[in-house]
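Start from chain A and add chain B according to the hints.
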Amino acid sequence: MRAVVAEDLFLLRDGLVRLLEAHGFEIAAAVDGAPALLRALLDHQPDIAVVDVRLPPSFTDDGLRAALEARRQVPGLPVLVLSQYVEQLYARELLADQAGGVGYLLKDRVFNDDQFVDAIRTVAGGGTVMDPEVVAKLLGRRSRDEPITRLTAREREVLELMAEGRSNSAIAQRLFITEKAVGKHSTNIFAKLDLAPSTDDNRRVLAVLAFLNT
Amino acid sequence: MSSRLVLVMLLVSACVALCWRTWASGARIPKVWVARRLVPLVLMGIGLCGLLLAGSSGLPSRGLMLHGDLMLPGDLTLSGTAISRAASWRDMLLLQSAAFLAAGLWLLRRSAQQHSGQPRLIPARQPRWGWLLLPTLAILIMLLDHGLGSAVLVLAAVTMVIALGMVIRFPAAAADLATAGLIAAGLGGILFAANPPPVPLPGALAAVPGGPVTEAFAAVSTPLVLLAVVESAVIVAFGLWLVPRTVGPHVRTLLGLEPDAELAGRVEQLTQTRADAVDTAAAELRRVERDLHDGAQARLVALGMNLRAAERLIPTSPQAAMALVTEARETSAKALTELRDLIRGVHPPVLADRGLADAIRALALDTPVRTETDIDLPGRLDPPVESACYFAVAEALANAVKHSGARLVQIRIRHSPDPRSPYADPRPPYADPRAPMPPVPGLLRIEVTDDGMGGADPARGTGLQGVERRLGTFDGILAVNSPPGGPTMIIMEVPCALSSPRTSSC
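Chains A and B are the protein sequences, given in the same order. Quick note on numbering: my numbering labels position 12 of the first sequence as 188, and the sequence is numbered without any gaps. Quick note on numbering: my numbering labels position 376 of the second sequence as 368, and the sequence is numbered without any gaps.
Any given hint could turn out to be false.
Straight-line distance between alpha carbons at most 30 Å, and here's what the computed DSSO-like set of lysine-lysine pairs gives [to be verified]: (1) A:Lys356 with A:Lys313; (2) B:Lys326 with B:Lys394; (3) A:Lys313 with A:Lys368; (4) A:Lys356 with A:Lys368; (5) B:Lys394 with A:Lys360; (6) B:Lys394 with A:Lys356; (7) B:Lys394 with A:Lys313; (8) A:Lys313 with A:Lys283; (9) A:Lys360 with A:Lys283.
Simulated from the structure, these hints should not be mistaken for laboratory data.
If we strip away everything but chain A, and leave its shape as in the complex, we get:
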């Protein structure tokens, strides 16, 4: 798999490149600024881009905007956005095109390289990965009259883990239930959120979107 890495701090960029190479990724480009990132994304059209939100030249959200612009020109270009902090606002902007293949994680998650690489693979496969902190904040502001409240406690747990980008087997392992039970729960979730039958991956993305957008 070919990857593009954008990070302005040399040490972190170097660390990311090493980590990805160690897990069998091919680094198409490693850049340190937003304009270079946009060029690299459009030229290489990589299988996955790992992008820091805050990049030169203005050191605000240039990285995010470059990634969004690239996805506008190449719909569905898989992008995993890393940040020192997470904002629901940015999560929504990433998810707005409903094309899937986006991730939004805290930089801390790099510490756990197995989970991090899993997340990268999920995004590269068109899935959606949201940081547990985003998910936790969303749960903090649920009000009563929303379709999401029709879910049982267990179904909500499954949906949360789904939003974090975990596969059915990972969810099963985490909740100490069988994979078949996870499948049943997710079918219920899709039904309760009125998601029309389609490929499982797509419905997972839509379920997460429904979760984030309510």
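Okay, now just chain B, sitting in the frame of chain A:
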């Protein structure tokens, strides 16, 4: 006629004396009531008396003097000047009485306005004394008018136009002139009123042939003279009362005896808000220091100790070392979380990235209560103003969530360019239209409304007071309207400039 007048005068003076006694002794009738109800009524009474008596006094009206000299019976000629003096005397009394009536009515209306309703957020507008210039000049012209004939009308018209322009353009100078004019008009009025001209009797004017000459003149009745003198004296007193309110401070400022009151007030306010700003900043720094000391720093120490212990354990028991390294990783993650929260409290990253509008939208998304935003800010504010406004809204939102029990919070933010500012369109004429707009001065208005139970009192909590102080640094104000039972509305207004949006770099 004159006996009725004496009765009226007696009644009025009895009234005034009674009120004065009550007021001075501080008895049951409150001073405020006397000042607000009785003074206007007395003024109106004097004015009405003057109008009625002057009208029925038999003094000639102004129209007569235009006829030139008047042949009287016998050999006597009553000159136009004499008639004109008598007419002037009558007109002065009429004019002064009308002014008294108007002043009484104005006072009554003003006191009714001040009396009604709740205490106001914005203090009642100060009276603009400059407008007194117009009636003052009218009285002065009347006093100086002897033998001017019809030219006096032209003079009066020109003077009024000039005075009007002055009142509008230079209100302070107009007020000073009005004060001086009032004193002069009052003093002149006393002299003129005390020496009334002989009154040509109606019989004389009708030129009855063969009538006795001595009956052609009469003196003005004493009560009328008294009334005119009293009115002029009150005008002098009013002028003297105005001196410390208009001319006094200006003269003292001019002489360097005293700093400009407006400037002094501004300096005091700036000193206060600056001290507040420094205090707030110092408190904030202390909080950051404490948080860093207790949080991230302590965790880094633990991290170092763990790693050192792991270092020692690696040769002998790698398993235990592993556990320690895992713990060290978790500790570093916790330290990061704490640093992140700290940074968010100091300056939220999204505020730096996107500006106030998106930062408030992000804040609304993170709020547990449903929060709707209606924000129209086509540019960026100064970073310090942005930060103050952000934390002000955050505090208002936190209050709504914690105390009000609201189900819906609405945030509305607008920036209106100041239409009075000469820089409303800050571009110089013929500027390149592609050049970026310089910052537009104006007023930022933030409204935070919740449908909770209301009863918020900014005087009780420290949160809103802190917000008020913080906004005060930028001459901003905060108003809370929170009747028991809700809804609560918090309005903040900050004068600030809006700069053109930063163009995207990618």
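Here is what the structure says about each hint:
no.	hint	in the structure
1	A:Lys356 with A:Lys313	holds, 29 Å
2	B:Lys326 with B:Lys394	holds, 27 Å
3	A:Lys313 with A:Lys368	holds, 22 Å
4	A:Lys356 with A:Lys368	holds, 18 Å
5	B:Lys394 with A:Lys360	violated, 39 Å
6	B:Lys394 with A:Lys356	violated, 43 Å
7	B:Lys394 with A:Lys313	holds, 17 Å
8	A:Lys313 with A:Lys283	holds, 17 Å
9	A:Lys360 with A:Lys283	violated, 33 Å
Of the numbered hints listed earlier, those contradicted by the structure are 5, 6 and 9.
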